Amino acid sequence: MYRYDEFDHKLVAERARQFRRQVKRRLSGELTEDQFKPLRLMNGLYMQLHAYMLRVNVPYGSLSSRQLRKFAHIARTYDRDFGHFTTRQNIQYNWIKLEDVPDILEELAEVEVTAIQSSGNCVRNITSDHYAGRARDELADPRVYAELLRQYTILNPEFSYLPRKFKIALTGSPRDRAAVALHDIGLRMHRNEAGETGFEVLVGGGQGRTPFIAHTIREWLAPEHLLSYVESILRVYNMYGRRDNMHKARIKIIVNQMGLDRYRELVEADWEQIRDSVLKVPQAEVDRINAYFEPPEYECLADIPDELNDVRARIPEFDQWMSANVAEHRVPGYSIVNISLKAPGLPPGDMTADTMDAVADLADRYSLDEIRVNHRQNLSFVDVRQLDLFTLWKKLKLLDLATPNIQTVSDIICCPGLDYCNLANSRSIPIAQDLSRHFVDVDHLALVGDFTINISGCMNACGHHHVGNIGILGVNKRGKEYFQLTLGGSSDENASLGDRLGRALPQDEVPAAVETIVDTYLAIRLDGERFLDTYRRAGIAPFREAVYNPVQARAVA
Amino acid sequence: MALLKNNAVIDDPFADATGRETIPASGPVLVDLDQWQSHREQLLQRTEPVGVKLRSDQPPESIAEDLHSIALIALEFPVFRDGRAYSYARLLRGQYGYSGEIRAVGDVLLEQLHFMERTGFDAFELESDDPLGDMQVASADFGVWYQPAADGRLSAVQLRHRAG
Ligand code: SF4
Numbered sequence: 001m002y003r004y005d006e007f008d009h010k011l012v013a014e015r016a017r018q019f020r021r022q023v024k025r026r027l028s029g030e031l032t033e034d035q036f037k038p039l040r041l042m043n044g045l046y047m048q049l050h051a052y053m054l055r056v057n058v059p060y061g062s063l064s065s066r067q068l069r070k071f072a073h074i075a076r077t078y079d080r081d082f083g084h085f086t087t088r089q090n091i092q093y094n095w096i097k098l099e100d101v102p103d104i105l106e107e108l109a110e111v112e113v114t115a116i117q118s119s120g121n122c123v124r125n126i127t128s129d130h131y132a133g134r135a136r137d138e139l140a141d142p143r144v145y146a147e148l149l150r151q152y153t154i155l156n157p158e159f160s161y162l163p164r165k166f167k168i169a170l171t172g173s174p175r176d177r178a179a180v181a182l183h184d185i186g187l188r189m190h191r192n193e194a195g196e197t198g199f200e201v202l203v204g205g206g207q208g209r210t211p212f213i214a215h216t217i218r219e220w221l222a223p224e225h226l227l228s229y230v231e232s233i234l235r236v237y238n239m240y241g242r243r244d245n246m247h248k249a250r251i252k253i254i255v256n257q258m259g260l261d262r263y264r265e266l267v268e269a270d271w272e273q274i275r276d277s278v279l280k281v282p283q284a285e286v287d288r289i290n291a292y293f294e295p296p297e298y299e300c301l302a303d304i305p306d307e308l309n310d311v312r313a314r315i316p317e318f319d320q321w322m323s324a325n326v327a328e329h330r331v332p333g334y335s336i337v338n339i340s341l342k343a344p345g346l347p348p349g350d351m352t353a354d355t356m357d358a359v360a361d362l363a364d365r366y367s368l369d370e371i372r373v374n375h376r377q378n379l380s381f382v383d384v385r386q387l388d389l390f391t392l393w394k395k396l397k398l399l400d401l402a403t404p405n406i407q408t409v410s411d412i413i414c415c416p417g418l419d420y421c422n423l424a425n426s427r428s429i430p431i432a433q434d435l436s437r438h439f440v441d442v443d444h445l446a447l448v449g450d451f452t453i454n455i456s457g458c459m460n461a462c463g464h465h466h467v468g469n470i471g472i473l474g475v476n477k478r479g480k481e482y483f484q485l486t487l488g489g490s491s492d493e494n495a496s497l498g499d500r501l502g503r504a505l506p507q508d509e510v511p512a513a514v515e516t517i518v519d520t521y522l523a524i525r526l527d528g529e530r531f532l533d534t535y536r537r538a539g540i541a542p543f544r545e546a547v548y549n550p551v552q553a554r555a556v557a
Numbered sequence: 001m002a003l004l005k006n007n008a009v010i011d012d013p014f015a016d017a018t019g020r021e022t023i024p025a026s027g028p029v030l031v032d033l034d035q036w037q038s039h040r041e042q043l044l045q046r047t048e049p050v051g052v053k054l055r056s057d058q059p060p061e062s063i064a065e066d067l068h069s070i071a072l073i074a075l076e077f078p079v080f081r082d083g084r085a086y087s088y089a090r091l092l093r094g095q096y097g098y099s100g101e102i103r104a105v106g107d108v109l110l111e112q113l114h115f116m117e118r119t120g121f122d123a124f125e126l127e128s129d130d131p132l133g134d135m136q137v138a139s140a141d142f143g144v145w146y147q148p149a150a151d152g153r154l155s156a157v158q159l160r161h162r163a164g
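Protein sequence lines correspond, in order, to chains U and X. Counting from 1, one number per residue, gives the positions in the first sequence under the numbering used here. Counting from 1, one number per residue, gives the positions in the second sequence under the numbering used here.
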């Protein structure tokens, strides 16, 4: 993992001290709430329905056990004993007091964690593939570039008052686990014709009320030019992005209005002037950062399929978990273990302080001290010896963290909704809880297979409903909560936005509708088809019929 | 309203003619972009310094040709959250090589002074009882910076790999 050097430490300490001063000026009335708001947002502090929420960054999803223990400590000392992992490799605390925040930031700084720019109209936490450095299909490790971007964007004087928030994500694998096409800038590592590794640069992706899949602004960019190219994209956005209407202020809107070609022209013209400036990333800095991401000293082991198969044959529950939650590692004898934060009936992504401590202990013992946080609100251990899988499974099971449902119908992404959020139309957590209680039969989960359900409590789409295989959006109809379903969304390398299924449904009809969709898929799928494949082949009609005209649909079938 | 430059509160040598019907015949003067464009020839002939004020929706491209004859560019923050002028200042100092005065005007507040200074502003029109004190507070926050900007401060990356 990256470790702070003297410069990083100094900057983060100075930032915490600065915020202490700003809070003091706010409390004494020197700053109005209007003047203070962007300052607190840029330090992660959000005003919610009942209290302040503090959002803390886990840069590119990489967390040490020591940091996780600190998260537990913060939850215990300053909050109500739990934290909530979000879709942006952040953790949120929902019950924070303003006066405590400077102390919390200082405590976080001790373990090299910050809340800097986790909110506000600035460049947010840089996110990446949670399997980075470990995935078998990876072309190059994106973390070094994520770290360079983290530093470049933190307290950037030119880009701290952008028209709107700005999100950047990177992947180094052809299999996109970081949803890069749904970001303001998406960076995809690939090789050019000469065989050199660089970035495909995408711009203008985003969700919210006007979702867009990002466009490729540049096919291939040499890594040394990463910062200058990002600077030019940001500069053009800062100058021309709309500021008259906050709902039209994201880069996706201006790229769309201006046209990609015009946007590209402006970016390239600016970039020509700065590409060879001091922004050119020195190789020495790449090497320095890369040294932190050197692979750990793995033991010389072999894969042990036979031993594992023996246990799997004897213990079906372990077998189900292996199939659903364990992924291939690039090093023989090791595996990646996904930890589900989606046990039936629990709010997705929530974790108590005690569980955080317990997971930190397990990470020390079984995963070389490291934990990864992913955008589907789960955690991963990325360096588990296959010899330890069975023991680890037993221990995770005791903590209720071994539900074998990764990337299945009950692995639901969900925003905080009306339980916390003042923008919400509806609650969203109870829908997720209903669904996860509905789909508890693990054999059924396995039968249904690869699936995503994403729930947002309003059109701001924090729960990524546009890109869920099934998306569920809370709407308000005559003062009552209703839910609009969409089908066919995906955030992977073939990203797509979901299509509306039909009229919105009341809450108590949602689980049955989801079940009908799942059953319809099972009835019409061809061999080897995921839900998404079936949907793309058969279209929305059979699903719409089944949900809204059950009698006719049955008569035809 | 106080004008802060080079760590001192100074009297503004420029007469503010922006939005006025007539431009004073002599003396240093500040005009807006409309005035500049409609009286460009006369203004270019003046021997005394001329400044141009740009609104936040007026990128400096509009005066790029004439920068060598403009002594002061005032960039307006209509509200402190409107961050366009940060980019204008950087473009002026960087791509356009402008070395005259870049003045922050409008909703200019303590908490943004440091970013302004970093992006190339060197004069600040502040509504404050203690503008010098504000600047001192704003400048004392940081002693390390992650990225190069227009102020010449070395970034952490540059310091880490300084030769020798
Ligand atoms: S999607 Fe809406 S309800 Fe949910 S967290 Fe975002 S703003 Fe709040």
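Simulated from the structure, these hints should not be mistaken for laboratory data. Computed from a prediction, not measured in an experiment: that's the story for all the values here. Each hint should be verified, as a subset may be incorrect.
The list that follows gives simulated cross-link-like pairs (lysine-lysine, DSS-like), each with its CA atoms no further than 30 Å apart [to be verified]:
{"hint": "1", "chain 1": "U", "residue 1": "LYS248", "chain 2": "U", "residue 2": "LYS480"}
{"hint": "2", "chain 1": "U", "residue 1": "LYS480", "chain 2": "U", "residue 2": "LYS394"}
{"hint": "3", "chain 1": "U", "residue 1": "LYS395", "chain 2": "U", "residue 2": "LYS477"}
{"hint": "4", "chain 1": "U", "residue 1": "LYS480", "chain 2": "X", "residue 2": "LYS5"}
{"hint": "5", "chain 1": "U", "residue 1": "LYS248", "chain 2": "U", "residue 2": "LYS37"}
{"hint": "6", "chain 1": "U", "residue 1": "LYS24", "chain 2": "X", "residue 2": "LYS5"}
{"hint": "7", "chain 1": "U", "residue 1": "LYS165", "chain 2": "U", "residue 2": "LYS97"}
{"hint": "8", "chain 1": "X", "residue 1": "LYS5", "chain 2": "U", "residue 2": "LYS37"}
{"hint": "9", "chain 1": "U", "residue 1": "LYS248", "chain 2": "U", "residue 2": "LYS10"}
Some chain U residues flagged as far from chain X (calculated, every beta-carbon gap over 12 Å) [said to hold, decoys possible]:
{"hint": "10", "residue": "LEU31"}
{"hint": "11", "residue": "THR153"}
{"hint": "12", "residue": "GLU193"}
{"hint": "13", "residue": "GLU200"}
{"hint": "14", "residue": "ALA269"}
{"hint": "15", "residue": "ASP270"}
{"hint": "16", "residue": "ALA284"}
{"hint": "17", "residue": "ASP357"}
{"hint": "18", "residue": "ASP508"}
{"hint": "19", "residue": "ASP533"}
From the three backbone atoms N, C-alpha and C, an ideal C-beta is built for every residue, glycine too.
For each hint, the structure was consulted:
{"no.": "1", "hint": "LYS248/U / LYS480/U", "in the structure": "holds, 27 Å"}
{"no.": "2", "hint": "LYS480/U / LYS394/U", "in the structure": "violated, 44 Å"}
{"no.": "3", "hint": "LYS395/U / LYS477/U", "in the structure": "violated, 45 Å"}
{"no.": "4", "hint": "LYS480/U / LYS5/X", "in the structure": "violated, 58 Å"}
{"no.": "5", "hint": "LYS248/U / LYS37/U", "in the structure": "holds, 21 Å"}
{"no.": "6", "hint": "LYS24/U / LYS5/X", "in the structure": "holds, 27 Å"}
{"no.": "7", "hint": "LYS165/U / LYS97/U", "in the structure": "holds, 24 Å"}
{"no.": "8", "hint": "LYS5/X / LYS37/U", "in the structure": "holds, 28 Å"}
{"no.": "9", "hint": "LYS248/U / LYS10/U", "in the structure": "violated, 37 Å"}
{"no.": "10", "hint": "LEU31", "in the structure": "violated, 7 Å"}
{"no.": "11", "hint": "THR153", "in the structure": "violated, 8 Å"}
{"no.": "12", "hint": "GLU193", "in the structure": "holds, 31 Å"}
{"no.": "13", "hint": "GLU200", "in the structure": "holds, 24 Å"}
{"no.": "14", "hint": "ALA269", "in the structure": "violated, 10 Å"}
{"no.": "15", "hint": "ASP270", "in the structure": "violated, 7 Å"}
{"no.": "16", "hint": "ALA284", "in the structure": "violated, 5 Å"}
{"no.": "17", "hint": "ASP357", "in the structure": "holds, 32 Å"}
{"no.": "18", "hint": "ASP508", "in the structure": "holds, 43 Å"}
{"no.": "19", "hint": "ASP533", "in the structure": "holds, 44 Å"}
The structure fails hints 2, 3, 4, 9, 10, 11, 14, 15 and 16 (numbered hints given earlier, in ascending order).
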